[in-house]
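Visitor: Single-letter residue listing:
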Amino acid sequence: MSENNKLVFSGRVWKFGDLINTDLIMPSKAFRLPKHEQHTLCFEAVRPEFAREVKPGDIIVAGENFGMGSSRPIGEVMRSAGIVAVIAESINGLAMRTCVNSSLPAINCLGASDLFNDGDIARVDFLSGLIENLTSGKSVQTHPMAPLLAEIVAAGGVVPMLVKDGYIHAEPFNASSS
Amino acid sequence: MGLTAIEKILARTSGKDVVRPGEVAVCKPDMVLHIDLPMAIEGAWYKPKKIFDVERVAMIFDHAVPSPTIKDASAMAEGRRMAREFGLKHVYDVGRHGIAHVVAAENGLARPGELLVCADSHTCASGGLNCAGRGAGIPDTLQAMTKGIVWYPVTPTIRYEFTGAMNSMVCGKDVFFHIAQTWGGHGNTSIEYGGSGLKSLTVADRRTIATMSAEVGAEFALFDYDELTADYLQGRLDRPATPAQADKDADYLDVRTLDLADVEPYVVLPDAIPKNGRRFSEFKDTVRIDQAFIGSCANGLIEDLRVAAAIVRGRQVADGVRFIVTPGSQAVYLQALREGLVETLTEAGAVVTNSTCGACLGYHMGVLAPGEICITASPRNFKGRMGSHDAQVYLGSPATVAASALAGVITDPRRAART
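Those protein sequence lines, which keep their order, are chains A and B.
Here the numbering used here is used: the first residue of the first sequence is 137, the next is one more, and so on.
Here the numbering used here is used: the first residue of the second sequence is 3, the next is one more, and so on.
Derived by calculation from the structure, the hints in this document are not laboratory data.
Treat the numbers as computed from the prediction; the structure is a model and nothing was measured.
Each residue gets a CB set at the ideal place from its N, CA and C atoms; glycine is no exception.
There may be inaccurate statements among the hints.
[Stated by the list, open to error] Here are some chain A residues the structure puts well away from chain B; computed CB gaps all over 12 Å:
hint, residue
1, P163
2, E185
3, V190
4, D194
5, G218
6, A231
7, N253
8, S275
[What the hints assert, rightly or not] Stretch-level coverage of chain A by chain B, calculated; a stretch enters the list once three of its residues show a Cβ under 8 Å from a Cβ in chain B:
hint, region
9, 199-213
10, 236-245
11, 263-269
12, 276-286
Chain A with its partners taken away, still in its complex shape:
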């Protein structure tokens, strides 16, 4: 749930370990599904219940090198599943850009794994870098999101920015499958 559009979110935590790669977040067989179904394969190999049980407003908390891997649109897919924020001990550089460019805010936070258990309620303030566990009452301070990245997230991502400025068409291109 967003508070005043200030990039503050609170929601239930889905906790993952280290080295959650792009192919686990979005297996390549999802490329061939309609966009609104792609998230049904999200984390299928490691948490098969995720797609069934995730609720709009939930938050991902992960360990080291979250999102390691390819350029596939993992930000879009997690957002489609209902995820509103990603917090990890470390986020892979490409994953960070893929999330931010898709308006899914993501932040590096040392100590995030120890701060949360699965199912806790997290509150994350991207502009101040304060990460709180509302269930336990504990918190960690991390580096705030860079202003340019926060602007992209707040604008709804790169695609709406490019549409608004007349660089691209507003509707996605969908390659025919028949």
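Given the structure of chain A, go ahead and fit chain B onto it with the hints provided.
Guide: Quick look at chain B alone, frame taken from chain A:
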């Protein structure tokens, strides 16, 4: 404090004299590569209304060529339409195709000292030629090719100083595995490679190491420019390029020396790369394989095919093993034909396929069934990467893969050396 070579490229392309770690640089790309896959993923692509510079946007089909599905065929039809609409100057359609990073190197699109954008995570391949490229996403590429901008966090840089030279049957791939084993992940840092040992590393080995740098989570990965780079680029560039060189007092997070003679052949176990490798001298397991693969942006170069052909010449692939070899480009394929490598590999029982990303990402031409085991000279061993989640993917050098294909089990390539 001076600048690293990567900082210099980011500074120049963002119109500044200096950039420092902690900043976000908004840069103008020198080249943008557009590939087929973004147009084939449902809902991921938006048709451009403008192109920032038709000389600086290249269309290269690689992930699914020739098209295995109607959706891929439709994606590439849209790519052709777009290339015609805007009059793109660099188009590599089926017949002139290849893996984007290989085609870019061969055709002078990855230029020393410049900045290259592509929606593929192994874009750091260009770093082998002193061209800065870090894997970007689909929105990045859209923004780069239309508006002509791309943002990068400026990260600290780690420098590797190579000394010495590799031993026989050790490949550039093993040098990368050694780095990943010794130092683990490099998240949120860039890497520069140089040192007196650089002269013993072929440009092909450098391209392999640069490509693989994505697998330790590096941002940019850049090799110093030297005479070997210049020799490779001779006749490939259509305008002069200015290589990037770090200042003598550049500010590195760490400087690490690596004697190439200390590197042994490695095998990397399934599911992850950093700290997940084994030197063959301490790898005693007997791992039977169903498939052996050589190809991809990391190991689809002519040098990789030569290594494989030299090992299998006059021998036979083990019963029950599928040995698949995918050249990195049409140019590599043609060169392999001319040198007789296709014949040698085929006589040994290998399948030499058309050039594509194909089996590496489990998309087509070599997908694994549940329970199968593959040893591969490609960049990734993620669970499910090459097909079923219940398949296992081990990584090795082209020499290791060829030796394993003959033995039917994962094999130290030094055991396949001819006396």
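Visitor: Output the numbers, in ascending order, of every earlier hint that fails for this structure.
Guide: Per hint list: 1, 6, 11 violated.
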